[in-house]
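Enquirer: Two chains, two frames, a set of hints: combine them into the complex.
Respectively, the protein sequence lines represent chains A and B.
The opening position of the first sequence corresponds to residue 1 in this note's numbering, with each subsequent residue numbered one higher.
The opening position of the second sequence corresponds to residue 1 in this note's numbering, with each subsequent residue numbered one higher.
Honestly, I wouldn't trust all of these hints.
Okay, the calculated bits of chain B under chain A, using three or more residues with CB under 8 Å as the criterion [stated by the list, open to error]:
#	segment
1	145-155
2	178-189
3	532-546
For the record, the hints were derived by calculation from the structure and aren't laboratory data.
Beta carbons are placed, not taken as given, at the ideal position from N, Cα and C, and that holds for glycine.
This is what each chain is made of:
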Amino acid sequence: MVVALGVAAINTGNNLLYLLVSLVLGLIVVSGVLSEQTMRGLRLTGAVPEEIYAGRPALFGAGIANGKRWLTSYSVTLELLAPEARADTAAGAGRARFLYLPRLEAGADRLVTWEETLPRRGRHRLAGVRITTRFPFALFLKAGRPALDSEVIVYPAVKPVSSALLREIVGSGDAPTRRRGRGSDLYNLRGYRAGDDPRLIHWRSSAKTQTLTIRELEAETTEDTRIVLTGAASGDSALLEAGLSEAASVAVHLLRAGSGVELVGPDITVPLGRGRGQIRRVLTALALYQPGAGPVEVPEAEDVGDGDPRREGRALRELRIRIG
Amino acid sequence: MSSMLALRVVTYLVVGDGIAALYLAGLIGPLGVALVVAAILVSWALERARERGALRPAVAWGLVGTAAAAIAADLFYLAQSVLDGLVHLLLFLILVRLFMHRVLRDLRDAGFLSFFLLIAASSVTFSAGFLVVFVVFLVLATWMLMLHHVVAEAQKAGYASPESAGTHFGFRGPLMRVSLVAAAGTFAIAGSLFFVIPRVGQAALPFRGQLGRMVSGFSDKVELGSFGEIETDRTVVMRVYFSDEIADPQRLPNLRWRGIAFDRFNGTTWTAGQSRRSLLRPATTGNFHVSVAQGRRPLVRQEIFLEPIGTDIVFAAPRILRMELRGGTLSFDDMGSVSVPSAAARLHYTVDSELETPPPADVRVAGAGSGFPAAERLRYLQLPAMSPGIPRLARDVTAGSRDPYEAALKLTDYLSSRYKYTLGLKRQTQLEPLDEFLFVRRSGNCEYFAASLAVMLRSLGTPARVVGGFQRGEWNPYGRYFMVRLADAHSWVEAYFDGLGWVTLDPSPRAEAEAQAAQAGVLSLYLDAARMRWYRYVVNWSLTDQLLVAASVQRQAGDFHISLHWPRDWRARPWLLAAAAAAGLALAWLIWRSGLPGRTSRHAAPVPRFYERALRLLARRGLAPAPAETARQFCGRVGSAAPALAAPLGRLTGEYERARFGAAALTPAELGEVERWLVALEQS
Chain A
1 MVVALGVAAI NTGNNLLYLL VSLVLGLIVV SGVLSEQTMR GLRLTGAVPE
51 EIYAGRPALF GAGIANGKRW LTSYSVTLEL LAPEARADTA AGAGRARFLY
101 LPRLEAGADR LVTWEETLPR RGRHRLAGVR ITTRFPFALF LKAGRPALDS
151 EVIVYPAVKP VSSALLREIV GSGDAPTRRR GRGSDLYNLR GYRAGDDPRL
201 IHWRSSAKTQ TLTIRELEAE TTEDTRIVLT GAASGDSALL EAGLSEAASV
251 AVHLLRAGSG VELVGPDITV PLGRGRGQIR RVLTALALYQ PGAGPVEVPE
301 AEDVGDGDPR REGRALRELR IRIG
Chain B
1 MSSMLALRVV TYLVVGDGIA ALYLAGLIGP LGVALVVAAI LVSWALERAR
51 ERGALRPAVA WGLVGTAAAA IAADLFYLAQ SVLDGLVHLL LFLILVRLFM
101 HRVLRDLRDA GFLSFFLLIA ASSVTFSAGF LVVFVVFLVL ATWMLMLHHV
151 VAEAQKAGYA SPESAGTHFG FRGPLMRVSL VAAAGTFAIA GSLFFVIPRV
201 GQAALPFRGQ LGRMVSGFSD KVELGSFGEI ETDRTVVMRV YFSDEIADPQ
251 RLPNLRWRGI AFDRFNGTTW TAGQSRRSLL RPATTGNFHV SVAQGRRPLV
301 RQEIFLEPIG TDIVFAAPRI LRMELRGGTL SFDDMGSVSV PSAAARLHYT
351 VDSELETPPP ADVRVAGAGS GFPAAERLRY LQLPAMSPGI PRLARDVTAG
401 SRDPYEAALK LTDYLSSRYK YTLGLKRQTQ LEPLDEFLFV RRSGNCEYFA
451 ASLAVMLRSL GTPARVVGGF QRGEWNPYGR YFMVRLADAH SWVEAYFDGL
501 GWVTLDPSPR AEAEAQAAQA GVLSLYLDAA RMRWYRYVVN WSLTDQLLVA
551 ASVQRQAGDF HISLHWPRDW RARPWLLAAA AAAGLALAWL IWRSGLPGRT
601 SRHAAPVPRF YERALRLLAR RGLAPAPAET ARQFCGRVGS AAPALAAPLG
651 RLTGEYERAR FGAAALTPAE LGEVERWLVA LEQS
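With the rest of the complex left out, here is chain B (with noise of 0.2 Å):
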C-alpha cells in the first residue's frame, strides 16, 4: 500500500473513530451514524470520479452553499441544542472536505476536524468507552500526521510520494512502527501530564448529563410489586468502596444501602407522606452532619459512585452521621432519608455511618413506642381497611410472645420460613395484594415480606415503617469495592422498641434464592473495575485528589530517606549483590553480541578460524604478517622465503579473502579443502 493510499485509510479511520465518538456520548443516533458513514464511503468512491472531473466545482460550490444555509437554519432553529448544531456544523465540513478532496491538506484537516467531534463528545459523556475512543484516535491521528507530513514533504521536494524518492511507508513500513512508538509516548505523557495539570476544583459533571431512566421504588410513592420490574436487571448502580480501616469490608454483617423510608400504605401503595423534611447546609469543613453517633456501634467510612436512576435518594450504610458532597444544600427527613436537591447525572460522595448490630435475641423490652407522642404513633401505627386475616394471623404466629421485641422476631422467622421469595409476581385472585400474598401465593418479592411485615407490626401495636434500598452487592476482588446492582434493589422493615429504638427487620428469605443466582464472571469483574478507576482516576480527578497524591509522595519520599540503610542490606545479602553482577554483565554481553548497527557496517568481519589456525603453523616457523601487510603480500613474502608453502597458504589466501571480504559461507566440502591444504601446510 503505498503512502498516500495508506494515509487516506488512516484518515478515513480518524474521521470515523470521531463519529463513534459522536455515538457514544449520544449525540447522534444508529441513523445518523449509518448516513454519515454511508456519506463517508460515497466519497471514498468518487475519488475516482474527482479525478476525473466528474464533479465541477460549480456544482460542488453550490451544494455546499445550500448545505451551509441548511446548516445554518439547524443551528439556529432546528438543532436541540447549540452543541447538537455545532456537530452537525462539524459532520458537514468534514464531508466537504472528504468530498472536495483536492489537495493533501484536505485529508489533514478532515482529521484535525474531527478532533474537534472528541471535544464535543468529551463535553456530553464520561462513558469508559470514551478511553477507547481516545486511544484509538491517539494511534491513529498519530499514523496519520506522520504520513501527512512525509507525504507533504516528498511532495514539496518535487516528488510524487515518498516512494519516489525511494522509501516505502506504507502499512507495515518503518514509519508505522515509529509512529506506534510516537503514539505509546504521547499516551505515557498526555497520561502523566493529565494527573499533573493543576485542578481548580472538584471534577465537574457533563455539559449535558444523561440522566439514567427513572426506577420505581425510589421515590415519595411506591407500589407493592414495583421491585419486581428491576429485580432481574443486572446494571450495576452503585458501587461503594469502604476506608482502609476496614481490612476485610465484605465480612462487614447485616451492610445494607438504606435509602427512603416510607410511613403511610394505602392497601396498595407506600408512600412518605407524613415525613418533615428540613434542609441541611454544610458546616465550616463542608461536611454536612446528618446525626449524631451513638457510640456503641462499629464507624465506618463509605466513599459511594451512584449512577444516574432517575432519584434524588442519596444511599448509603445505615446510619448516616456525616456526609460529604459536592452540593450546597441535603434534604434530610425525620426518618432518617437523605436526599439532594436535583437527581443528577452521577453522585459521588464520602458517608460515615455507624453501623447497625441486631440486639440479641433474648433482649427484653418495656413496650414498642409507648413514648412516642400520639401524632407519632399514629403515624407509624397507621393501617388500611383490612381483611381481618392479616391481624388475627400476627396474633396467632406471636402467640405467647413475652415483649414486642420477640413478636416482631417471631414473626419475621414466620414470613422467612414459611413464605417463598419470587419475582413472578401475577395476580391470581381478586383479593388485596398482601391477602393474596400471605393467604393465597405464599410467595413474592421483598416488597411484599416488607409490607406483610410492617402491616402485622402495626397491627400489634408497634410502630413500623417499610425501608428501600438495596442490598450490598457483590464483592468485587479487583477493585476492592462492593458492585450493587438494580437487582439488588431491595425493601425491608424498621419497627421501633422502648430501649432499642429503630431495629432492622429483614423478612425476606432473597438470600437463599439468590445463593443460587449465577455470581459475575471473572471477566465482567475486571472490566467493571476498569470502568470504576476510569471513573474514580480520570472522571473524577479533582484537586483533593492531587493534594492527597502529593501528600503521599511527600510521605513516602520521607520514608525514602528514612530507608536510606539499603546498602547495608545489600551487604547482608551477597548473593543478591552477585546476581545483580552477573544479570548486568549477561545483559552488557548480550548487547555488544547483537552488534551496534552503525559499527558492524564499518567493519568486517572477524577472521575465518581456519586462517587463524594457518597464521598459527606459520608463526612457529617464524613467518608473521607485518602489522601493515596485507594477506595476499604476507602470503608472497611467504611464497618467495619457502616456495613449498606458497601453494597451501596461496589456496587458504583465497578462501580467507572469501570469506571476510566476500561474506561467503564456505560449504562443507570447501571446509575440507581447506583442512587438507591446513594439513599440507603443516606438512610441507
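With the rest of the complex left out, here is chain A (with noise of 0.2 Å):
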C-alpha cells in the first residue's frame, strides 16, 4: 500500500499525498522502534524440571526479567515452539503455544509456567520458548533468541507397582538386613545436617543437648534388590517399553522404600546403590537404554552405605522382568 500510494503521490505531485505517504512510513519507522525498545532489556531463562516421565505432564517454567532502568516493556509475548518442529518453519508455526504479558514494568520480573508432556523415554531436545513481540501496531514480528532449547532426558512411565508384583517383591530373599530407610522404627539419632526434613528433629534431644538432633529411621523394606532384564528385546516395542517402565516403577518404588537396587541387563548394568541418586541412575539407565545400541552409560555410583551385601557377600532378592 505504501509504495502504491507513493507512486500516487509522485505521479499527482499531490503534497497531500506526499503527507499520507509520510504518515505511513512515519508508524512503520515509530513501530520498529517501540517493538526494539519493548525486546531490549527483557531477559528469558529456562527452568526445566529435575525429573520428566514418559506420558506424564511435566511442569516447565521461564522467567521473563525487565532489565530496562525506565521503561515498561508492553504486550510481549512467550512463544512456546512446538517440540517436534521448530515454529520458525510453517509446520511448527500453528503448533506453537502463546502466553501473553500485556506489560513488564520496568525493573520487574514474572515467573511463567506451563505443563507439557513428552509421549516417549529417551534423550529429547526441547524445541524452546522465545519471546515475541508485534507491539505496537502488530506490522512486524521481533523475536529474541529461544531459551530451553536443551536436551532433556525423559524417563520411562513411572507407574504404581501392582500388589501381586510387591508380594513377589516382600517374600523372596534370604537374610533381613537393619539398615536406614523411611520406615517407622528409630534406626539412629544423629545431629541436624542441612536438607534433612525439619519433621524428623528430635525435639527431646535437642534440648538436652543444646544442639539440633535428628531420627534416622529403619527401612522396612528387608532386602537390596537385583532388578534383571530378560529377553531379546529386538523385535517387539511395545513389550520393551513396557518392561522398562515396569523396572523403572519398581526400582523406583523400592528406592524410595529405602533398599537398594541394582539393575542388570542385555547392555546395560547399573551397579548396587539406593537414595536419590541411585533412582536417577536407575532412570536415566533405563530411558537411553536402546537394544542393540551398546552399553549404556550411567553415572557413577555413591557408596552404598551401611549393609552394603557386596562388602558383606551376601546374595541379592533377584527380580526378573522381560523386555523381548
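Expert: Written as C-alpha cells, this is what we have:
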C-alpha cells in the first residue's frame, strides 16, 4: 500500500498524498523503534524440571525479567515452540502455543509456567521458548533467541507397582538387613544437617544437648534387589517399553522405600545403590536403553552405605522382568 | 472502560474523522454526513442485538448483495465522477464492517478503510482543515492500532481481553500515554519525511479543483456598483509576500494590486472591448518577461498566493516586469493586464514590479496623449452620450489649470474631498448613474469615483481608463505578508500625460472610511498566518523549495564551520561556563534524587538517622557492627558484651527493622520513644 501510495503521490505531485505517505512511513519507523524498545533488556531464563517421565505432564517454567531502568515493555508474548517442529518453520508455526504478558514494568520479572507432556522416554531436545512481540501496531514480529532449547532425558513412565508384584518382592530373599530407610522404627540419632526433613527433628534430645538432633528411621524393606531385564529386546517395542516402565516403577518403589537396587540386563548395568542418586541412575539407564546400541553409560555409583551386601558377601534378591 | 470497548470507541472515532475529511473536501454534503453518521450510530446500537443473533447472516448478506449492486450502478452510472463512486463504495464497505462486526478484524478493517477516505479527500482539497483531520487521524489511528494489537494478542493467547491477563488498557491506562508518545513521534517523523522526500517538480493542484465563486468586477465587463456586493466580504483572497530586500513592506507608498483595465464606457458598464491581447511564452529561464524597466523607480519582488475567485486575471503591483508562474503561456493586453489561460483553482506566482511613484504636483506637462495615434486617442477619449452637466462640472473644477496634469489633480482632489465614500448604492432617481452620483447622491463606492474621474478627464481631452484591482490590504505581522480581502477590491483611474506616461489617480476617499473599520483581531491574524504557512510549506512544497532549503543548509553549515571559534567566546565568558556546569550538576542531582525505578525496587530504604546515631554512640565505646553482621546479630553481641545496653539497643533495633525493611513511618510518639532510648543508650 505504501508503494502504491508513493507512486500516486509522485505521479500526481499532490503534497497531501505525500503527507499521507509520510504518515505511513512514520508509523513504520515508530513501530520499529517501539518494538525494539520492548525487546531491549528482556532476559529469558528457562526452568526445566529435574525429573521428566514419559506420558506424564511436567511443569516447565520461564522467567522473564525486564532489565531496563526506566521503560516498561508492553505486549510481550512467550511463544512455546512446538517440540517436534520449530515454530520458525511453516509446519511448526501452527502448533506453537502462546503465553501473553500485557506489560512488564521496568526492573520487574515474571515467572511463567506451563505443563508439557513428552510421550516417549529417551533423549529429547526441547523446541524451546522465545520472547516475541508485535507491539505496537502488529506490523512486524520481533523475536528473541530461544531458551529452553536444551536436551533433556525423559524417564520411562513410572506407575504404581501392582500388589502381586509387591508380594513377590517382599516374599523372596534370605537374611534380613537392618539399615536406614523410611520406616517407622528408630534407627539412629545424629546431628542435623542442611536438607534434613524438619519433621524428623528429635526435640527432646535437641533440648537436652542444645544442638539440633534428628532421627534416622529404619527401612522397612528387608532386602536389596537386583532387577534383571531378560529377553532379546529386538522385536516387540511395546513389550520393551512396558518392561522398561515396569522396571522403572519397581526400582523407584524400592529405592523410595530405602531398599538398594541393582539393575542388570543386556547392555545395561547399574551397580547396586540406594537413595535419590540411585533413582536418577536407574531411570537414566532405563531412559537411554536402546537394544543393540551398546552399553548405556550411567553416572558413577556413590557409596551404597551401611549394609552393602557386596561388602558383606550376601546374595541379592532377584527380580526378573521381560523386555523382549 | 475495558480495552474492547475503548477499541470500539476509537475505531468509530477514526471512521468519524474519515467522514469529516470527506465533508471538508466536499465529497459528501451535510445530508450525506447525517445519513452516514446515523447509520454508524445504528450499527453501534445493534451490537447487543447482533450478539443475540438478531441479524441472520443470510439476511445480512442479502442486504449486502443488494447494496453492492446499487454501488456498482452508482460507480458506473450515477456518481458525478469515479472518485465520488469510489467514496460511496468506501463508505459502504465501512458500514458493512461496522454492521457485520463479529470478529476483531472487522473493526480493524473499518479503521483501515477510513484511511482511504483521507486519501480520497487529499485529492480534492487543500484546506488547512485537512491538517486538523490529519492530526486527529494520526492520534486516533495510533491508539486504535495499539488497542487492536493488545486485544488480538490477548485473544490469541486464550484470554478474553488484556484485562483477563491482568492489565487494564482502556482510556487513561498506561497504553494511552505510550500511544500519545508514539503519535507525537510519528508526527515528527512524518513531518520530516514529508519535507525530505524528493519531489519531481512543482506541487500539483488537487485532482478536482474547487473553483471559487465568480466575483464580479474582474471580468471583461463590469457594471457600475458591482463591487458593492463584495466590498463587505472580508474573505481573504490574496496573500502577498515581499522579498527580504524590502525591510518594511508595509511602509511602501501607493501599494495596490493591479488587475484589469477598461477602456470603453457606455454609461453604466465599463468593458475592455478594444484591448489587443497577445500571448507570452516563457523565456529559457522559465520566466515571462512582460515589460522593460524604466530604471527610475524602485523594484520589488512579490510572491503571491491568489485564492480561486473565478477570474483568470493575475494581480500584482504595477508595473509588472517579469513573472514566474507555472504554466505554458500568459495572456497580456496592451493596457498592461495579465491573465492566465483559464481560471484555475489557485495561483501561486512571483512577480518583479517597478513600483509607481506619483509625479510631483508642480510638474508641468505639454499635453495629454498628443502623440497618440488617432485610433488610440479615440479609444481613450471615448464617451457615451451623456448630460452636459458632467463636462461642465469638469471644466468648472479645472478652471485656471495650467496643464492637463494639474487639471487631473484638481478633479481628483475635488472628488475625494467633496464626495463621500459609501457602500449604500441604492438608486434614488431615474438619472444616469454618473449624473445621480455627481449631482444628487454625492456618495458612492470606488467605481463611481473612478468612472466619474475617467469620464471627466476624457471630457477634457485627457486619455483615461478605469482599472480594477485590490487595495494593499492588511499587513499580517505574524506571517509578514499582506492579507488582501474581497473587501479590498478597488477601482482607480490611469490617465496619460505627455512626458509622464500613464499616471495613477485615485479619487476615492475610501481610506478615510476604512480607517474607522475594524482591523482583524490578533487571533484571526495568527490563524491566517498558520493557514498561509500550510499553503506555503505543505500544499505548495516543491522541488524548488527543497533545493532552496538544501542550499540554505549548506550555506549555514559553512557559516558554522567558520564560527567554530566559539571556545574563545566561552573563555571570554567564564560565568556562562560556570552557569552551564552548575545547571548540569543540578540536573544530574535531580535525576539522581528522583530515583531510578529499576534500582529503587532492588535496594532497601536508607538507614534511619536515629539508628545511625545509635551506631555512632556505640562506636565511641568501641562497638561496631561487623561487615557481614545483621542488626539483630549486632544487638545480641552488644547485649553479651554490655548487658546494660541490651534493652535500649534491642528497642532501637526493632524500630530500625520496622522503619527500614517494613517501610513504616514512625509516629511522633514513637520518635519520642526512640529519643528516650537513645538517651538511655548514651547514659548506660
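Enquirer: Determine for every hint whether it applies to the structure shown.
Expert: Now for the hints, and whether the structure bears them out:
Counting residues of the segment 145-155 of chain B whose C-beta lies closer than 8 Å to any C-beta of chain A gives 8; at least three are required, and the coverage claim holds. Requiring three or more residues with a Cβ within less than 8 Å of a Cβ of chain A, the coverage given for the segment 178-189 of chain B holds, as 8 such residues are present. Remark: the segment 532-546 of chain B is confirmed as covered by chain A, as 4 of its residues place a Cβ nearer than 8 Å to a Cβ of that chain, reaching the required three.
Violated hints: none; the structure is consistent with every hint.
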